[in-house]
Amino acid sequence: FSRVPGALQQYLSQRTVFRLAEEHCIALPANADNVAKLRHVQTLLEAGDASARTVFETIGRYLATAITEASEYLTIDHVVLMGRVTDGLAGQVIKEAAEQVLREEAPSLEVDIRLAGDPRLAQAVAAGYLASQTLQMRSQPGTAQAKSPAPAALLTGIIAGLWALLTAGVGVDLATWLDG
130 FSRVPGALQQ YLSQRTVFRL AEEHCIALPA NADNVAKLRH VQTLLEAGDA SARTVFETIG
190 RYLATAITEA SEYLTIDHVV LMGRVTDGLA GQVIKEAAEQ VLREEAPSLE VDIRLAGDPR
250 LAQAVAAGYL ASQTLQMRSQ PGTAQAKSPA PAALLTGIIA GLWALLTAGV GVDLATWLDG
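Letter 112 of the sequence shown, counting from 1, is numbered 241 in my numbering, and no numbers are missing.
Check the hints yourself; a few may be wrong.
Claimed, not checked - Across the chosen pairs, the derived CB separations fall in these ranges:
| no. | residue 1 | residue 2 | range |
| --- | --- | --- | --- |
| 1 | Arg243 | Glu175 | 16 to 24 Å |
| 2 | Arg148 | Ala199 | 17 to 25 Å |
| 3 | Cys154 | Glu175 | 15 to 23 Å |
| 4 | Glu201 | Gln229 | 27 to 35 Å |
| 5 | Ser237 | Pro158 | 40 to 48 Å |
| 6 | Tyr202 | Ala179 | 33 to 41 Å |
| 7 | Glu233 | Pro158 | 19 to 27 Å |
| 8 | Tyr202 | Arg148 | 20 to 28 Å |
| 9 | Asp162 | Gln229 | 26 to 34 Å |
| 10 | His153 | Arg243 | 39 to 47 Å |
| 11 | His153 | Glu228 | 18 to 26 Å |
| 12 | Leu238 | Ala176 | 16 to 24 Å |
No lab work stands behind these hints: they were computed from the structure.
All residues carry an ideal CB built from backbone N, CA and C; glycine is no exception.
Using the sequences and the accompanying hints, generate a full structural model.
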C-alpha cells in the first residue's frame, strides 16, 4: 500500500479507521493485529457508539470526495464497496454517508454505490471485473493492444479471482456484479 499523501488507501482503508478512531478517542486493543483492531471499531459501531459511527461516516465522506474528483476525468456510473472495512453495518454507514454527500454536493452525478456482499470476495470481484473489461476492450475493433493488460496479467487476475473464491469458501455469481 502506498504511503503517498493523497493516495486513496490513506482515506478509504483500515488505516483510516485506525487514524480516525484515535482522533475520536477510541482505544484500540493493545498488541492486536489489524483485523482485531478493525473488528473492535466495527463492534462499537454495532453497539451504537457515536464515535465509531463518526469514523465510518467520515470514510463515506472521503469516498464521495474521491468519486466527485475522479468524475472530473472519468465517467463513473457504478462503485462497488468491498473489503473488510465494509463488513457489517460499517459498509452501510459508509455507503449512506457517501450517497448523502453526493446528493448534497454533486447532485448532477448519478453514481450507483453498492456493497459487494461478502467482503472476503474483494479480490475475486476486482479480478473478474478486470478480466471482463480486458476481454471487452480486446474485442472492440481498432482498440490498441497497448491499452489492455498483457495476457499474463489477465491470466494472473483470473487466477487470483478464482483463488480468492476458493479460499473464501463461499460462492458468488460474478456475472451479476459484472453486468449489474
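Hint check:
For the pair Arg243 and Glu175, the supplied restraint of 16 to 24 Å holds, since their beta-carbon distance comes to about 21 Å. Restraint check, Arg148 to Ala199: a C-beta distance of roughly 22 Å satisfies the suggested window 17 to 25 Å. For Cys154 and Glu175, the hinted distance range of 15 to 23 Å is satisfied, since their beta carbons lie about 19 Å from each other. At roughly 21 Å, the beta-carbon separation of Glu201 and Gln229 lies outside the given 27 to 35 Å, and the hint is violated.
Between Ser237 and Pro158, the C-beta spacing of about 43 Å keeps the proposed range 40 to 48 Å intact. In this structure the hint that Tyr202 and Ala179 lie 33 to 41 Å apart at CB holds, the actual value being about 36 Å. Look at Glu233 against Pro158: about 36 Å separates their beta carbons, and that is not inside 19 to 27 Å. Restraint check, Tyr202 to Arg148: a C-beta distance of roughly 27 Å satisfies the suggested window 20 to 28 Å.
In this structure the hint that Asp162 and Gln229 lie 26 to 34 Å apart at CB holds, the actual value being about 32 Å. For His153 and Arg243, the hinted distance range of 39 to 47 Å is not satisfied, since their beta carbons lie about 27 Å from each other. For the pair His153 and Glu228, the beta carbons lie near 22 Å from each other, so the given range of 18 to 26 Å is met. The hinted range of 16 to 24 Å is not satisfied by Leu238 and Ala176, whose Cβ atoms lie roughly 34 Å apart.
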